[in-house]
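Work the whole structure out from these sequences, hints included.
FYI, the numbering for the sequence shown is 562 to 809, going by my numbering.
Worth flagging that the hints you see were computed from the coordinates, not collected in a lab. Watch out, some of these pointers could steer you wrong.
[Stated by the list, open to error] List of simulated lysine-lysine pairs, DSBU-like, C-alpha gap at most 35 Å:
hint, residue 1, residue 2
1, 733, 667
2, 790, 740
3, 733, 790
4, 618, 635
5, 790, 644
6, 740, 688
7, 761, 743
8, 733, 570
9, 665, 635
10, 618, 761
11, 644, 667
[Unchecked claim] For each label pair, taking beta carbons as the anchor points, the in silico distance ranges come out as:
hint, residue 1, residue 2, range
12, 693, 616, 33 to 41 Å
13, 730, 577, 43 to 51 Å
14, 793, 609, 23 to 31 Å
15, 696, 670, 20 to 28 Å
16, 730, 689, 21 to 29 Å
17, 664, 799, 34 to 42 Å
18, 591, 803, 32 to 40 Å
19, 672, 591, 13 to 21 Å
20, 803, 670, 54 to 62 Å
It should be emphasised that the depicted structure is a prediction, and the values quoted were computed from it without experimental measurement. Cβ coordinates follow ideal geometry from the N, Cα and C atoms, glycine included.
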Amino acid sequence: MQPVLNLDKVSIEYSGVPAVKEVSWLVQPGETCGLIGLNGAGKTTLIKSILGLRQSKTGNLAVFGSSDRGTALKSRISYLPEKFEPPWFLTGLEFIVFTLRLYKRKVDIQEVETLSRQLALDPAVLKRRVQTYSKGMRQKLGLIATIVSGCDLLILDEPMSGLDPQARRLVKDTILSHKGQKTVLLSSHILSDMDEICDKVVIIHKGRLLFQGTPEALKTQTGAEILEKAFISIIDQDDQNGHNASVG
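Written out as structure tokens, the structure is:
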């Protein structure tokens, strides 16, 4: 089976300073993969490279088997950024319609309303301008637009950021309900969520890949009971080995 993402010794630099160092990593169809790392570890740089916004210096990065990031390939990827700010002059539904037009797809109102209800967002709210939305409502709108895009690969960067516990639970349940149907790359600092949602986690530290495997395998390897402690253990061990930091 062809991997959705295949990174082979990918290195990326900013003005000659290494941000990502020889990262090799696979994501298979239907997997939910968590990308874990401290701020500046290289996660955003990797996401930009997958989206075709940043070129690698060395190595090969293939998405759906192709190294070309042309329009045809981008039409299979939907990305929800951490700082999601839809145009405030549009209504929620207008934003969804606009987003799907970019993918040359028509809106299925029933699907949108079903997702909206799953996220405890009253479908009537979609008729209001985005400028009236709270942070949580905007996050939910972004997730709805990302899912209904129909794309094969969903990249979610901190989708639970700024959400209250109830909203986080609803977002997690929505992601879990699509598990196996979509390939999801999830970046988050909330490691308890990663442990619950992800089939696989990848740890990036100082631009290098330290681990890829199941959350359970990471906890077993480090002897930790929870994913957060396992993550801290593995990066602390790496720091003790004296590896230098990078930007990104």
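For each hint given before, does the structure comply? Return the numbers of the non-compliant ones in rising order.
none
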